[in-house]
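> What follows is the residue order along each chain.
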Amino acid sequence: MRAFEIIGGLLALAGLWALPQWGELSPYVLHIATLSAIYAIPAIGLNLMLGYGGLVSLGHAGFVGIGGYAAGLLMVDAGWTFWAALPAAMLASGAAGALVGALCLRLRTHFFMIVTLAFGLILHAVMNNWEELTRGPVGLAGIPRPEAIALFGAEIAFRRLPDFYRLTMAAAMAALAVQALIVRSDFGRMLAAIRQDEVLASARGVPVMAMKVAVFAIGSAIAGAGGAFKVSFLRVAAPASFDMLESINIVLIVIVGGAGHLLGPVLGAGLFVAVPEALRVASAWRLVVFGLVLVLLMRFAPQGLAGLAADAVRRLRGKGALRAPGHA
Amino acid sequence: MLLAVAEQVLNGLMLGSIYVFVALGMMLIYGVMHVLNFAHGALFMLGGYCAHLVFTQAIGNYALAILAAIVMLIAVGAVIERTVFAPLRDNLRNQVIASLGLVLFIENLVVVLWGPNALQFRIETTQAVVSLGVLRFRVQHLLIIGVCALCVTALFLFLQRTRFGTAIRAVAQNPRAALVVGIDVVRVHRVTFAISMALAAIGGALLGPLFLLFPQMGDLPLVKGLAGILLGGMGSIGGAVVGGLLIGVIEAVSTLVIATDYRDAVTFTAIVLVLLLRPQGLFGVRTREEA
Numbered sequence: 001m002r003a004f005e006i007i008g009g010l011l012a013l014a015g016l017w018a019l020p021q022w023g024e025l026s027p028y029v030l031h032i033a034t035l036s037a038i039y040a041i042p043a044i045g046l047n048l049m050l051g052y053g054g055l056v057s058l059g060h061a062g063f064v065g066i067g068g069y070a071a072g073l074l075m076v077d078a079g080w081t082f083w084a085a086l087p088a089a090m091l092a093s094g095a096a097g098a099l100v101g102a103l104c105l106r107l108r109t110h111f112f113m114i115v116t117l118a119f120g121l122i123l124h125a126v127m128n129n130w131e132e133l134t135r136g137p138v139g140l141a142g143i144p145r146p147e148a149i150a151l152f153g154a155e156i157a158f159r160r161l162p163d164f165y166r167l168t169m170a171a172a173m174a175a176l177a178v179q180a181l182i183v184r185s186d187f188g189r190m191l192a193a194i195r196q197d198e199v200l201a202s203a204r205g206v207p208v209m210a211m212k213v214a215v216f217a218i219g220s221a222i223a224g225a226g227g228a229f230k231v232s233f234l235r236v237a238a239p240a241s242f243d244m245l246e247s248i249n250i251v252l253i254v255i256v257g258g259a260g261h262l263l264g265p266v267l268g269a270g271l272f273v274a275v276p277e278a279l280r281v282a283s284a285w286r287l288v289v290f291g292l293v294l295v296l297l298m299r300f301a302p303q304g305l306a307g308l309a310a311d312a313v314r315r316l317r318g319k320g321a322l323r324a325p326g327h328a
Numbered sequence: 001m002l003l004a005v006a007e008q009v010l011n012g013l014m015l016g017s018i019y020v021f022v023a024l025g026m027m028l029i030y031g032v033m034h035v036l037n038f039a040h041g042a043l044f045m046l047g048g049y050c051a052h053l054v055f056t057q058a059i060g061n062y063a064l065a066i067l068a069a070i071v072m073l074i075a076v077g078a079v080i081e082r083t084v085f086a087p088l089r090d091n092l093r094n095q096v097i098a099s100l101g102l103v104l105f106i107e108n109l110v111v112v113l114w115g116p117n118a119l120q121f122r123i124e125t126t127q128a129v130v131s132l133g134v135l136r137f138r139v140q141h142l143l144i145i146g147v148c149a150l151c152v153t154a155l156f157l158f159l160q161r162t163r164f165g166t167a168i169r170a171v172a173q174n175p176r177a178a179l180v181v182g183i184d185v186v187r188v189h190r191v192t193f194a195i196s197m198a199l200a201a202i203g204g205a206l207l208g209p210l211f212l213l214f215p216q217m218g219d220l221p222l223v224k225g226l227a228g229i230l231l232g233g234m235g236s237i238g239g240a241v242v243g244g245l246l247i248g249v250i251e252a253v254s255t256l257v258i259a260t261d262y263r264d265a266v267t268f269t270a271i272v273l274v275l276l277l278r279p280q281g282l283f284g285v286r287t288r289e290e291a
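Protein sequence lines, in the order shown, are assigned to chains R and F.
Residue 192 in the numbering used here is what sits at position 192 of the first sequence, and the numbering runs on without skipping anything.
Residue 196 in the numbering used here is what sits at position 196 of the second sequence, and the numbering runs on without skipping anything.
One thing to keep in mind: the hints can contain errors.
[Stated by the list, open to error] For the chain F half of the interface with chain R, some residues (derived, Cβ under 8 Å), not all of them: (1) V96; (2) L100; (3) I271; (4) Q280; (5) F283.
[Stated by the list, open to error] In silico negatives: residues of chain F with every beta carbon more than 12 Å from chain R: (6) M1; (7) V35; (8) A42; (9) T83; (10) V84; (11) L155; (12) T162; (13) A177; (14) F211; (15) V266.
[Unchecked claim] Here are some chain F residues the structure puts well away from chain R; computed CB gaps all over 10 Å: (16) Q57; (17) A63; (18) L64; (19) V180.
For the record, the hints were derived by calculation from the structure and aren't laboratory data.
The beta-carbon is built from N, C-alpha and C at its ideal position, and this holds for glycine as well.
Construct all of the structure, not just a fragment, from the sequences and the given hints.
Dropping the structure here:
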């Protein structure tokens, strides 16, 4: 069964990698696929916090914005390359996450949600109003795509959509890999212990506060990477891309995909970006439907799509296991 | 300077009254059902749109339009309470996320039905001006403050002097004990939700004519109302009133000192400071374990 999963995963990867070569595929499809990958990255960061750590942060888009603006400003004003600006952006949003986390994580449940919401709004207000730095509501324009690199003698020009698409796909895969490593490490197990019973975890010697701040910082750093890719893709960093609605959208992506499942954020991001495009619905209708889906999921399937799929697989396997002794 | 301060204080009281409508509604639901309804701002906005709809399409009488908006919002609230919050009781995370879903649903449904552009809501009281000494104000300012004072007084009397009000307070203190002494807890939840919806409808219908109606008009009052609740102390009705008014006044007066662009950031910073330095608020006591 494991071999089956690995082969399936590799096939899916190969398919995604070759997407730009699929016959007469329009640039439009690549555009959608790129945007899905870009949404998946911050969602993976939030999944670590919300799905695995149990921390419902309502200001995640603010940290995506810190990464986006840090990368944009370093490239536009300081003339850095994308490759230098990307780690700097992650460092900036990760450090901001550690700072905000250290302040907010003393609070729990409602209070934690409100204070993260407030921080998201403060960050948005700063992006909107600190005109000397951020250029205000119109946004920071002229952000370049990543510089071309030479690999095995061939030049990869990320100006072009197919190569940029592959880059964001690779970045999303890297974020997924980081997520899987964290979840399966001792760190991830301690996180699960805190989520299930904080007092018990603390009594068993888990450094609760340090763990929470760490996962907040890591989640924010991943969000910052997403921000850097987003502004490089859109060529502009504007406050409207990082507002409260966007924070809710990221929560939505994580929940619809399945919080606490490795592939949940990817499923959620794909659905969030691609399905409405495929159905060609107006953007307002799309959010009406997603809002309704979110409410319905909470009522009837709070484990999300990945959770539903996992349940289905378990049920199939469970039946097989029950039947097996009779056949043997 | 003194004149400017007085003017801003009255402006602040008007804004604060709007925040009190939001804060009281959220506070009641939090106190009785122990959940924060993040869709409250969207419902506040819906109240404004309902009043506008009735005013322009049906009767053209502002007071009746507000009453109609109250009835419509109570109906919407009844559906939401029964289909979303009641079934998810005792699951805080899922309730909050469902309420975020409601925000998306309601705000964008309004965009679909009424369009994304702001609507004008013209009534006489926004045009008429009244003089208070050297200060001149629109009648609508005074109307908002007056209606708010009236509603707060009525709510206090209801909660303190009536049998059902006592039942609501009992459920807020201890739902299980309330059930044991024979209080219909489900009914208390429903009535509380209806009161909260009525307050949201009044708030939205009062604010609409003063500025414009637009789908996101409830977002900031939601956050400001939350700030008021936190400032007053989570779980205290009086605290929500004082906190809401204070946030309005602080915000208005702060515009004399710092750039207006940062007016909203002042409130958000107040939330963060209160939560970090005095999580029980000005009047609250630290009871529940999350603070």
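> Non-interface claim for F:M1: all C-beta distances to chain R beyond 12 Å?
Correct as stated: the minimum Cβ-Cβ distance to chain R is 25 Å, above 12 Å.
> F:F211 clear of chain R by more than 12 Å, beta carbon to beta carbon?
Label holds. Min Cβ-Cβ 19 Å, cutoff 12 Å.
> Was F:V266 rightly flagged as not at the interface, with every chain R Cβ beyond 12 Å?
Its Cβ does come within 12 Å of chain R, the nearest being 9 Å, so this is violated.
> If I take the minimum Cβ distance from F:V35 to any residue of chain R, is it greater than 12 Å?
8 Å, violated
> Confirm or reject the statement that F:V180 sits farther than 10 Å, beta carbon to beta carbon, from all of chain R.
With a cut-off of 10 Å, F:V180 remains clear of chain R, as the shortest Cβ separation is near 26 Å.
> Is the nearest Cβ of chain R still more than 12 Å from the Cβ of F:T83?
8 Å, violated
> A cut-off of 12 Å on Cβ-Cβ distance, and F:A177 was said to be off the interface with chain R. Does that hold?
Nearest chain R Cβ is 22 Å from F:A177, so the label holds.
> Identify whether the interface hint at F:I271 stands, where standing means a beta carbon of chain R within less than 8 Å of its own.
4 Å, holds
> The output says F:V84 does not contact chain R. Does that hold with a beta carbon cutoff of 12 Å?
6 Å, violated
> Beyond 12 Å from every chain R Cβ: check whether that's true for F:L155.
F:L155 clear of chain R: closest Cβ-Cβ about 22 Å, beyond 12 Å.
> In terms of Cβ atoms, is chain R entirely out of 12 Å range of F:A42?
Given that some Cβ of chain R is not farther than 12 Å from that of F:A42, nearest at about 10 Å, it is violated.
> Holds or violated: the hint that F:L100 contacts chain R, with Cβ atoms closer than 8 Å.
Cβ of F:L100 sits 5 Å from chain R, so the hint holds.
Going down the numbered hints, you'll see the structure goes against 4, 5, 7, 8, 9, 10 and 15, while the others check out.
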